[in-house]
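Residues per chain are reported as follows:
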Amino acid sequence: MGEFKVHRVRFFDYMPSAIRTMAFNSQTERLAVARADGAVEIFNFNDNFFQEKVIPGQDGRATEALCWVGHRLFSAGLNGEITEYDLENLRPQYTVDAYGGPIWTISSNSQGTQLAVGCEDGTVKIFAILEERIQFQRNLNRHKGRIISLCWHPSSAQIAAGMTDMIKIFDAETGHATRRLLVDRAMGASKNKEVVVWSVGYLSDHTIISGDSAGKVQIWNGLTGTLVRTYLVTKWDVLVLSVSKDESSVIAGTSEGTVIQFQFISSTVDQHDKEWVRTRTFRNHSHDVSALAHTDTAVVSGGMDTQLVVRPLLDKVEKNTQESALRKIAFPHRSLVGCAKKAGLLLFQFPDRLELWKLGESEGHVCLMYPYFVCRFLQGEDHICCSALSACGGWLAYSTVSSVRLYRIQYNNTISINKVGTLARACSRQPVHLLCASDDGKWLATANTDCEIHIYNLHKMKLHCMVPVYNSCPTTIAIHPVTNNLISVHADQQIFEFSLVQKEYTQWSRRLQAQGLLSLWLERDTPITHITFNPKNPDHIILHDTYMFCIIDQSLPFPELNAVLWNQMTLKSLPVSQRIGQSHAFKICKSFQHLMCVSLLEDLSLVVVERPLLDIMSQLPAPVRQKKFAT
Amino acid sequence: MVEHGDIRVVHCGGSKINFRDPVITHDSRFLLCASGEAVKVFSTSTEECIHELRGHTGLVTGVLLRPSNHLQVYSSSLDGTLRLWDFTDGILIKTCVIGYPIYSFYASDKHENVIFIVASMPSDKRRFQLVAVHLPQSGDQMVEAQELSAVLSGVNPNPAAIAFGRGGEFIASVNDLQWSLEGGWNTFTCVACHPKDDCIATGHEDGKIRLWRNFNHKKEYTYSTLHWHHSTVSSLCFTPEGTNLLSGGVESVLVQWRYNQESERDFLPRLGGAITHITVSPDGSLFCTSHSDNKITIIQSCVKVSAVIQGLVKGDIRTDLMMDPRSKALVLNGKPGHLQFYSLQRDKLLYNLDIVQQEYIHESGLQQFEVVKAAFDASGSWLATVEERHQKAAELELNLKLWAFDEQTQSFVLNTTISAPHDAQITAMCFCQPTDSQTTLLVSTSKDGHFKAWQLAAPAHTEDEGPSWLCDFVSAYHGLVPECCSFSADGSLLAVVFQEVVTVWSPSTWELLTTLSQPPGAVSDLCFGRLSCSKYLLGTTASNLLCWNLLTCSLEWTTSMDVRRLVADPLSENMAAFCYQSGSTDLFVFKPSEPRPLFSHKAVCSGKVTQAVFAPREEMLESCEESSQWLNRSQLYFLTQQMDLMTFTTKAEEDRLLASSKQVSSSHWFSMTPFYLLLGKHRQQQQEHQDSDSSLWAERTALPQTSASMKELLQTPAHVLPSTSYLCSMFVQSLLISVSDARSEKAHAEEEMESEKEEEDSEEEMESSRSKPELAAAAATESDTPALTKAQARELRRVRKLDHSWLAGLLDS
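Going down the list, the sequences are from chains A and B. The opening position of the first sequence corresponds to residue 1 in the UniProt record's numbering, with each subsequent residue numbered one higher. The opening position of the second sequence corresponds to residue 1 in the UniProt record's numbering, with each subsequent residue numbered one higher.
Hint data in this document are derived by calculation from the structure and do not stem from the laboratory. Be a bit skeptical, because a hint or two may be false.
[Unchecked claim] Some chain A residues well away from chain B (every beta-carbon gap over 12 Å; in silico):
{"hint": "1", "residue": "Ala18"}
{"hint": "2", "residue": "Leu130"}
{"hint": "3", "residue": "Ile265"}
{"hint": "4", "residue": "Thr268"}
[What the hints assert, rightly or not] A few chain B residues facing chain A, derived, Cβ under 8 Å:
{"hint": "5", "residue": "Arg166"}
{"hint": "6", "residue": "Tyr223"}
{"hint": "7", "residue": "Ser224"}
{"hint": "8", "residue": "His450"}
Ideal Cβ positions, reconstructed from N, Cα and C, are used throughout, including at glycine.
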């Protein structure tokens with residue numbers, strides 16, 4: 001496989017934006033995550049937590065709350081508008097102004113017929129959900145003070161609303177407030193500060209659970225309006241609550257970065273009256289936990305520190321399986337870096353801008369030229385969806401929700417592009433999320449989130465064929481420059497090679513499927529986001545995920561299923577005969593971490609773009625002060 | 001050499017009281033704890049040991065109240081028996097022979113007549129199993145348990161590792177298995193079950209407490225974590241109602257968690273040594289914590305410490321055993337940085353003297369100041385201590401402190417602190433012995449090659465409060481390291497050992513008189529002879545015991561033995577040598593002038609003996625047997641390698657002790673403390689001054705006497721008793737309090753004349769009618785003479801006098 005000169009790039013200062021809120025749809029097993037820059041991401045929990053769709057954000061659109069209604073996704077924000085997203089075209093479908101000032105919360109009833117929003121002016125507005133749009137229905141009785149949190153009773157007859165210093169229960173029919181639950185303020189010096197009920201939950205047995213800014217989780221009897229239990233959970237705020245589907249467990253996220261679980265269990269075996277008991281504490285975040293979802297088997301949390309954490313509940317999953325592992329999703333599941341292989345240019349994609357960098361040169365240990373910054377493209381209000389750079393470095397293209405722009409770089413002037421033609425649309429309605437063209441310009445491959453891969457012949461401008469549908473979504477596709485084979489890697493870490501000419505899987509792919517992949521390969525928890533080829537050796541395929549890159553040598557045999565991956569250093573120390581016996585198709589390198597891109601240039605030097613998590617952590621604002629033992 | 005049958009080696013008090021968790025009785029009046037081979041019954045209010053339940057022949061491994069009868073208690077032992085006791089009277093009720101060593105045992109309300117014991121597996125001695133034992137229902141004193149059934153195998157023998165939940169519905173057992181979910185040290189250390197709910201609390205090595213719930217469903221158990229302790233949680237206990245959880249560890253802080261409200265917790269800090277066990281009385285009013293420094297603290301509902309039962313602190317003892325010449329107490333290292341004064345007669349810790357005077361930080365691995373040497377002068381008015389701290393990185397820190405005895409406070413007060421008295425560790429230290437001379441001299445030897453003499457000097461400046469200690473003389477000998485030093489009995493000679501050479505100095509002129517050497521081997525211990533043998537100097541090397549004659553400056557005799565410790569009796573010529581030979585220690589008692597040992601005892605104990613002391617007796621024994629004569633004046637105590645304090649007793653002494661203990665047990669129980677006598681008497685006197693409206697109180701304090709006369713009434717056979725009318729008046733009189741002081745004294749004076757001749761007659765009525773003020777007077781006059789035989793005689797005489805006064809009272813009426 002040889003040795004490479006490595007460009008170790010660490011100047012891509014990509015900064016993911018904080019997770020603001022999330023909503024989990026248990027029917028489709030999709031999680032929608034809204035970030036502080038207004039972007040909405042959709043994760044498929046059935047398919048290895050793959051980030052299926054990304055709806056780019058927009059300046060001035062801060063999503064405060066998300067809500068699934070069946071397959072439809074609604075959001076509301078502090079700009080006072082309710083937005084429904086078009087999940088096929090990955091853009092907002094329409095927005096409706098609620099005319100109540102900033103919206104803090106949105107919640108739908110269990111039948112999915114009504115949507116309630118809580119506004120700054122103290123009104124709870126009910127919208128009817130129609131086929132294609134939503135329509136304002138009525139206001140509930142207005143009260144002084146903003147509505148921070150809302151929750152429908154499962155029977156849709158009552159709504160609990162969290163406000164400052166109190167929780168109100170509205171009758172959804174009449175719109176009258178039937179109960180008022182006063183929430184105690186914090187003790188001590190902050191006695192004069194009003195307490196904000198950040199989150200409420202309304203259970204079917206009329207139990208109301210609230211989390212507030214005084215650090216309390218309180219359990220109320222909604223029928224009598226009395227306080228049942230108070231748990232002082234933190235010195236700071238309890239920001240968010242989430243109730244499990246069977247209502248036996250509630251989790252609360254705090255400003256300290258902890259998630260606390262409460263369970264509804266009976267105190268002794270033979271007794272049937274149950275009570276809420278504080279049980280586990282999960283500490284996976286360094287900053288505020290502002291978004292939580294309680295799935296059947298896991299606690300999903302996200303917050304200021306931008307990571308999405310999936311913490312399986314060990315009593316609900318099998319021990320020591322892949323399912324029981326903690327997952328942290330820190331980077332997007334797509335490539336944000338473009339690389340011009342001939343020119344040695346790198347294109348970095350940010351939500352609001354693109355940056356073009358020239359790689360440096362060196363001879364031995366002497367640096368001949370430092371990498372330098374070439375230019376920056378600023379984008380306006382809409383955020384960038386995707387971008388690409390041609391191999392010669394002369395062309396640059398990017399798109400937003402509404403437009404596509406192409407730049408010729410040498411002369412710094414935009415030129416118009418000709419629409420070459422429309423390819424026949426495949427039958428699927430899902431959006432295309434991956435696109436790749438062959439080097440000779442003959443073939444174009446597209447992949448969509450329905451796991452379909454279509455091959456188009458660009459010369460004939462028509463659909464060439466469709467790759468057999470595999471049940472996991474492709475995370476990256478590439479066409480081999482020499483053999484014109486399509487390599488696809490899927491969210492469950494499987495690799496396929498498809499011959500475009502013969503319209504069938506290649507022998508290599510069949511052998512790989514027959515033998516199966518190594519368990520170490522399958523246990524990785526980040527998807528392959530980029531494939532590149534060795535121009536000198538057509539047998540080499542270079543793949544990478546966040547924590548490693550791998551060179552697959554198609555001429556070598558596959559390793560055993562449970563083979564140990566040897567370190568190159570230990571391999572070198574082995575005698576030659578043994579080394580050949582140990583050599584196999586997968587050569588994995590973990591010396592670079594938190595990879596954003598690995599690419600091989602024309603001159604066989606390897607470009608490795610790293611974004612260390614520690615750098616991201618250091619750019620975050622300071623977390624709330626916590627007393628640490630022995631400090 | 002002759003073995004002497006009537007001299008025995010016995011454990012003498014100071015046994016561990018923190019070995020297993022103690023038990024508080026239902027009425028919260030008594031505390032029972034396993035202590036060596038006995039169970040001790042303490043009073044929770046007076047801290048006094050009321051009696052010991054003796055009978056086991058092995059280490060007692062557990063004490064439990066009998067669930068069906070709260071006046072009885074079970075105890076288990078390594079000798080393979082379970083014993084049932086009546087602890088109020090200290091009577092053995094039943095012995096149940098199991099046949100296997102019992103490491104711990106449990107009982108529950110639900111399982112009547114079943115005891116669960118932890119015994120080792122028959123196949124593998126290192127593995128343990130929980131066995132249910134059905135106690136046979138027979139009236140015999142000694143029964144053998146037949147029905148054994150194994151419950152759980154592979155359990156931990158530590159009693160904290162098993163708990164019975166909700167009245168014996170389930171058993172929770174933890175192993176040392178590392179349970180790694182979140183990484184770190186999650187080894188289980190202890191377990192406790194909630195008395196009402198299905199909740200198990202476990203303590204872990206990383207300081208966390210986990211509360212497990214919902215464990216009846218196979219998989220869906222859940223837990224919550226409580227974290228306050230920074231290192232291992234060593235004990236957990238729920239209060240009887242289950243409202244609180246108590247936990248303790250090495251921090252020596254008792255933490256009280258509210259059940260289901262765990263963010264609220266109370267602390268009781270600074271309890272002393274690391275907490276090893278926590279128990280709660282059945283009514284929840286008293287908590288009790290055992291500590292690693294052999295202490296039991298009794299706490300009233302987590303707000304205040306009400307009593308401390310302190311045993312002999314045995315840990316890393318680096319000082320010698322010493323006798324405080326004033327209090328006749330044994331002095332040795334106690335709590336970290338303290339010296340403890342332990343009364344051997346009463347088996348009770350008198351007090352701790354804080355030497356280091358720094359806060360002790362309860363954390364493992366921390367180097368802190370330790371008391372390494374201490375010495376008393378002959379009169380007990382001066383105490384010298386050496387403390388050192390040896391950190392890896394830093395230099396040795398050394399302090400020599402001199403303490404003067406303060407008559408007013410009756411304790412030692414720091415007089416002088418000499419920081420860095422030597423450049424290296426101090427190897428030995430001793431005071432000049434003579435009692436007649438005014439000047440006191442202290443000599444210290446150090447590894448830096450010097451020995452220094454310290455003397456009390458007048459203050460240099462007038463504003464200084466008093467005399468302090470200054471260095472008087474420094475000397476060395478050929479750069480050799482001095483190992484030990486000793487003054488002769490009259491203080492005229494000082495011998496300092498420099499490895500193989502013994503140098504003899506005159507303390508008055510600091511002149512090197514002579515050197516004695518007997519190669520090969522460095523001299524490790526040195527001792528001057530006393531009284532008639534004061535011309536001899538004894539030294540020990542690794543292989544020989546040497547005796548020099550100081551008049552001729554030549555070796556008098558030598559024998560080949562590996563003497564580890566040489567102790568001189570301060571009251572006689574006798575010397576005791578502990579020799580280590582093939583795994584055990586032998587004792588030889590001899591006079592330096594005679595080559596034949598007075599007494600020898602093979603295999604006193606296993607292991608080495610490095611600390612021993614002669615303690616002078618309070619009263620001399622009159623033993624005529626030659627072999628036991630050396631025990632007449634003083635008693636020899638020594639510490640074994642296992643830190644057991646042992647002594648030698650003669651048969652006669654044991655018999656006498658047994659008799660006196662019977663006498664004590666037949667008298668009234670825990671009210672007989674000196675404090676009670678003092679206060680009770682005081683109260684009685686107060687009562688007399690008060691008028692009759694508080695007569696109820698007076699009656700209560702008078703209870704011991706009335707009950708005595710009632711006992712007389714009830715126990716005497718009916719046909720011997722006089723007529724009821726006669727008894728009635730007597731009985732009523734015993735309840736009355738109204739005899740005035742003046743009258744009784746007058747009567748007292750009258751009868752003093754007659755008393756001498758009429759001593760013999762009134763034996764019968766002696767006890768039946770004592771009136772209280774007279775008794776109080778008797779107690780007052782008697783209290784200054786606690787000695788036994790003479791005091792008894794005197795008391796007898798006095799009692800007769802009292803009888804006469806009553807007779808006179810009758811005649812008057």
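Checked hints:
Interface exclusion of Ala18/A from chain B stands, the closest Cβ pair being 26 Å apart, more than 12 Å. Leu130/A, annotated as away from the interface, keeps every beta carbon of chain B farther than 12 Å; the closest lies near 42 Å. Residue placement check: Ile265/A does not keep its beta carbon more than 12 Å from all beta carbons of chain B (closest about 5 Å). Distance check for Thr268/A against chain B: the nearest CB is about 5 Å away, which does not clear 12 Å, and the non-interface claim fails.
Satisfaction of the interface hint for Arg166/B is found here, the shortest Cβ-Cβ separation to chain A being roughly 7 Å, below the 8 Å cut-off. Contact between Tyr223/B and chain A, as hinted, is supported at the beta carbon level, the nearest pair being about 6 Å apart and thus within 8 Å. Interface restraint check: Ser224/B against chain A, minimum CB-CB distance 4 Å, threshold 8 Å, status holds. Restraint check, His450/B versus chain A: the minimum CB separation of about 42 Å is more than 8 Å; hint violated.
Of the numbered hints given earlier, the model fails hints 3, 4, 8; all others are met.
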